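Q: As a plain string of letters, each chain reads:
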Amino acid sequence: MALADDRLMEEVGFRMSEATAGDFFALLKPRVMSLVVFTAFVGMVAAPVAINPLLAVIAILAIAIGAGASGALNMWYDADIDAVMTRTAGRPVPAGRVTPGEALSFGLVLSVLSVMTLGVLVNWLSAGLLAFTIFFYAVIYTMWLKRWTPQNIVIGGAAGAIPPVIGWAAVTGSVSLESVILFLIIFLWTPPHFWALALFKSDDYARAGIPMMPNVAGQASTRRQIFAYALILAPVGVLPWALGYTTAGYGVVSAILGLGFVWYAWKVLAMADDDRAMKPAKALFGYSLLYLFAIFAAYLVDCVVGRALMMGGA
Amino acid sequence: MTVADKDLELVTLTERQRKARRNRSVAIGVALAALVIVFYAATIVRFGHHGASLTGSGLFGGG
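In order, the protein sequences belong to chains Y and U. Under my numbering, the final residue of the first sequence carries the number 314; numbering is consecutive throughout. Under my numbering, the final residue of the second sequence carries the number 377; numbering is consecutive throughout.
Rather than coming from a laboratory, the hints here were simulated on the basis of the structure. No experiment lies behind these values; they were computed from the predicted model shown. Treat the hints with caution; some may be incorrect.
[Unchecked claim] Counterexamples of contact, computed for chain Y against chain U with all Cβ distances above 10 Å:
1) Met16
2) Leu55
3) Gly90
4) Val238
[Unchecked claim] Computed, partial: chain Y to chain U, Cβ under 8 Å:
5) Ser17
6) Asn52
7) Ile58
8) Ala294
9) Ala297
[As the list claims (entries may be wrong)] Just a sample of chain Y residues kept apart from chain U, beta carbon distances all over 10 Å, derived:
10) Ala21
11) Gly22
12) Leu54
13) Leu61
14) Leu259
15) Lys279
Ideal Cβ placement from N, Cα and C applies to all residues, glycine included.
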């Protein structure tokens, strides 16, 4: 742009955007979105009734876009703290590639579009749950809990745990105990996952002024709480088998995965106070990602194989 | 039209801004086209095979 034009635009508070489609895609937090898509898909497959495959794809797409929209709203609101954290400084808004106004508009438009699409084409219960998830993540978690309490990711984790319930509701038009257990697995997985990250990124969070557990309650207390959550998560992961929703195959896999989680959490608990490398915390963070993917994959395989065997026997 | 009016109406984009705008325009076009296809296909499914879509058990017609 010519220099004179630049000055004119600055005077009227306007600048030409240099954001590409890739920058807007980054606002959707694609890595988080992939986890949402996967867990929602498992919720859909686990449902005992059918949905047209095209409507299933549309439901997954709407859930993914809704989750992405809440990510964009999060990046709009959190641009100030993202800018001072090494992990998030390169995001489109703090890096200056997308303006806050663009991120806000993008998030709001996609929120409305995803909820309306799910409601009109699939059903309104799943649309309502998606709307609640977006609201919970963008308003309750991002605007309120995140900067206020060290329990931020405990309560806020509910938003990330709902996708399998939405997937189930998209197919059945209802919510059942089975889908609530899938919710519980993600809900209980969230604190040890994020607190492991917060342990080795505590300087980052402190610089941004976010009251994460290690910065507020101290590292020793955080390590104890991580271990406590691991002890609760492991049996809850086995619940689908214990309640008769899956075969023993899932039961064995989930039990092994749960024991692994407890083992990694134990290593974090036993970590020395002056351990600066924090390898056990990094190992738990990595394992927790594997755990969630593997336990939902096991659930998916169990559903598909069980159904195939049932069809073969019929 | 005065020279000042002309300045207000014309913005000379840099090459980078022009490329970014074209990139965004293509993405919006693709997204809108996809939305039209999705709504058209879903309408056919819901009104054309409404009964079939609600029967059976298991995702994709599984047992």
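Q: Would you mind marking each hint as holding or not holding in the structure?
A: How the hints compare with the structure:
1. The Cβ of Met16(Y) does not lie farther than 10 Å from every Cβ of chain U; its closest approach is about 5 Å, which violates its non-interface assignment.
2. With a minimum CB-CB distance of about 6 Å to chain U, Leu55(Y) fails to clear the 10 Å threshold, and the non-interface call is violated.
3. No Cβ of chain U approaches the Cβ of Gly90(Y) within 10 Å, the least distance being about 18 Å, so the stated non-interface status holds.
4. Annotated as non-interface, Val238(Y) keeps its C-beta farther than 10 Å from every C-beta of chain U; the closest such distance is 24 Å.
5. Because the smallest distance between the Cβ of Ser17(Y) and any Cβ of chain U comes to about 7 Å, under 8 Å, the interface hint for this residue holds.
6. A hinted interface residue such as Asn52(Y) counts as satisfied when its beta carbon comes closer than 8 Å to some beta carbon of chain U; here the least separation is about 4 Å, so the hint holds.
7. Residue-level restraint check for Ile58(Y) holds (minimum Cβ-Cβ distance to chain U is 6 Å; threshold 8 Å).
8. Residue-level restraint check for Ala294(Y) is violated (minimum Cβ-Cβ distance to chain U is 21 Å; threshold 8 Å).
9. The interface hint given for Ala297(Y) is violated, since its Cβ lies 16 Å from the closest Cβ of chain U, which is over the 8 Å cut-off.
10. A beta-carbon of chain U comes within 10 Å of the beta-carbon of Ala21(Y); the shortest separation is about 3 Å.
11. Here Gly22(Y) does not stay apart from chain U, with its beta-carbon only about 8 Å from theirs, under the 10 Å limit.
12. Chain U draws Leu54(Y) into its interface by the beta-carbon criterion, the shortest separation being 5 Å against a cut-off of 10 Å.
13. For Leu61(Y), the condition that its CB be more than 10 Å from all CB atoms of chain U is violated, with the nearest at approximately 7 Å.
14. The beta carbon of Leu259(Y) sits about 31 Å from the closest Cβ of chain U, which is more than 10 Å, so the claim that it is off the interface holds.
15. Distance to chain U confirms Lys279(Y) as a non-interface residue, since its nearest Cβ pair spans about 41 Å, more than 10 Å.
Consistency note: the structure conflicts with the earlier hints numbered 1, 2, 8, 9, 10, 11, 12, 13.
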